[in-house]
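Novice: Each chain, letter by letter, is given below.
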Amino acid sequence: MGGQREKDGAGDAALLRAVAAGDPAAMADLYDRHAGWLHARLTRRCADPEVVREVLQDTFVTVWRSAAGHRGEEAGGWLWTIAARRLVDARRAQERAARVAGPPLEPEPHGGYEPAASAEDRVLAGLEYGDVGAALDRISPELREVLRATVVDGLSTREAARLLGIPEGTVKSRARRARAELRTALGHLNPSPLGGMA
Amino acid sequence: MSNGNARTWHASDGLIARYADGSLPEPDAWSLEKHLEGCAGCAARVSRAVHGTAAGAVLAQVRESVLAAAPPVLKQVAPEAPPAPAPPRLARLLWAVGPAVRGAWLPAVLLVAVGAMALGYGGGFPDARALLLAIAPVVPVAGVALSYGPHADPLYEVVAATPAGGLRLALTRTAAVLGVSLPLLTVAGLLLPASGAPAAAAWLLPGLALTLGSLALASFVGCRTASGVTAGGWLCAVLAPVSAAPADGAGARLAEQLSRCLDGTGTQGAWAAAAALSAALLVARRPAYDRLIRS
Numbered sequence: 001m002g003g004q005r006e007k008d009g010a011g012d013a014a015l016l017r018a019v020a021a022g023d024p025a026a027m028a029d030l031y032d033r034h035a036g037w038l039h040a041r042l043t044r045r046c047a048d049p050e051v052v053r054e055v056l057q058d059t060f061v062t063v064w065r066s067a068a069g070h071r072g073e074e075a076g077g078w079l080w081t082i083a084a085r086r087l088v089d090a091r092r093a094q095e096r097a098a099r100v101a102g103p104p105l106e107p108e109p110h111g112g113y114e115p116a117a118s119a120e121d122r123v124l125a126g127l128e129y130g131d132v133g134a135a136l137d138r139i140s141p142e143l144r145e146v147l148r149a150t151v152v153d154g155l156s157t158r159e160a161a162r163l164l165g166i167p168e169g170t171v172k173s174r175a176r177r178a179r180a181e182l183r184t185a186l187g188h189l190n191p192s193p194l195g196g197m198a
Numbered sequence: 001m002s003n004g005n006a007r008t009w010h011a012s013d014g015l016i017a018r019y020a021d022g023s024l025p026e027p028d029a030w031s032l033e034k035h036l037e038g039c040a041g042c043a044a045r046v047s048r049a050v051h052g053t054a055a056g057a058v059l060a061q062v063r064e065s066v067l068a069a070a071p072p073v074l075k076q077v078a079p080e081a082p083p084a085p086a087p088p089r090l091a092r093l094l095w096a097v098g099p100a101v102r103g104a105w106l107p108a109v110l111l112v113a114v115g116a117m118a119l120g121y122g123g124g125f126p127d128a129r130a131l132l133l134a135i136a137p138v139v140p141v142a143g144v145a146l147s148y149g150p151h152a153d154p155l156y157e158v159v160a161a162t163p164a165g166g167l168r169l170a171l172t173r174t175a176a177v178l179g180v181s182l183p184l185l186t187v188a189g190l191l192l193p194a195s196g197a198p199a200a201a202a203w204l205l206p207g208l209a210l211t212l213g214s215l216a217l218a219s220f221v222g223c224r225t226a227s228g229v230t231a232g233g234w235l236c237a238v239l240a241p242v243s244a245a246p247a248d249g250a251g252a253r254l255a256e257q258l259s260r261c262l263d264g265t266g267t268q269g270a271w272a273a274a275a276a277l278s279a280a281l282l283v284a285r286r287p288a289y290d291r292l293i294r295s
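Respectively, the protein sequence lines represent chains E and H.
Just so you know, we're using the working numbering here: the first sequence kicks off at 1 and counts up by one.
Just so you know, we're using the working numbering here: the second sequence kicks off at 1 and counts up by one.
Treat the hints loosely; a few may be bogus.
Quick list of simulated restraints, FRET-style, between CB atoms [unchecked claim]:
#1 H:G52 to E:T184: 37 to 43 Å
#2 E:I166 to H:A70: 25 to 31 Å
#3 H:R102 to E:G69: 53 to 59 Å
#4 E:I166 to H:A68: 55 to 61 Å
#5 H:S23 to E:Q94: 43 to 49 Å
#6 H:L155 to E:A21: 34 to 40 Å
#7 E:P167 to H:R291: 42 to 48 Å
No wet-lab data here; the hints were simulated from the structure.
Don't be surprised by glycine CBs; every beta carbon is placed ideally from N, CA and C.
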């Protein structure tokens, strides 16, 4: 299966090269491989199916233009980065349409938003999956939302704030609270640092 | 899936089915989502599963749109790049240099030259050269009026904002106008019988002076008005005594008046001085060309 995965990964890179050269068959293949899960993942983050559809379409239209910029990283992660940014943009546009006279949003400084390994990352990476899963179930939904945007989706604080429609300060404070609650919940689940949940 | 190490497991069919229909709880979904970013095989399996759900119709529609949005350059560049190269630089330059030269003005210049020849030889009109000399200085002035300014150039506002706009462009276009009209009208004048009129080249300095004067004046009132003033002034000066003369003596009066205006070192020197003065004024008024000139 590992060999199969390698082959698929290489296949994605080759497909992106062909897409960069304008090959529609390669784009169709890439779309069939990735559009489904991107759609499902976007649907979990946005309740409006029309927005999901637009974001998905924007994502692949962007791929036409920026496939040449793909530098051999995992195609799935690369696609999701585009889709997540598009989703943030769509939310921003919605918000702008909703409140015409809002405070001006400063332009997003592109590049360099690679999030450093946060405390949440370390928590997620360092503990047994089942424990974290159970602990995550215990924290409140709005804290989970913040964790998902920053940790799972790799968004910056500012992007997460736009996606969730809350101020940046709230994102930061909720991330702090989520970490604290996660720690508490893990303590309840797993009193001994070495013992695991059954 | 028993642990969080994304590289050692692949999603089970049950997990994929629950993710595809949206019923998978959040923490499990996060884990799967992270895994899909790096595992093309599982990504393809999830995508197939999602195709089978209600989202399949939307996915098919978006697929059409995405494929229709293929970058047009790549479709066109291959077949059309060789047959549609940019026109050579010289051709573009010549095209851009003179709105007047490619407009109605060029036929008008040709008409003046050919008309003078026709009158002089075909119509037996003896004073054709005098008439040509009276009209010739007005021709480049009219060209200037048609070369620069909001009424002459649909892209005037854009052009005026470019570094090459302003006085530099006005002078370039004036040079194009002069390059066409000077040789054409002088040669036409040379070919006509003299019959008392000044030499064929005598109009060159007045023409230059009037052209530069128009450009200098244009910095105050705009090209069209300035050209009207200078050309009108010249025509009045030359033709006014003629209109007062009896009909049969008109040609002679015109030649006489032209001699007064053109002949002699002093007169030509005065025209040269006027041209130099206009050029100096134009240089001094150069900043006015960097602003938008009124019509």
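Novice: Tell me, in ascending order, the numbers of any earlier hints that this structure violates.
Specialist: 2, 3, 4 and 5
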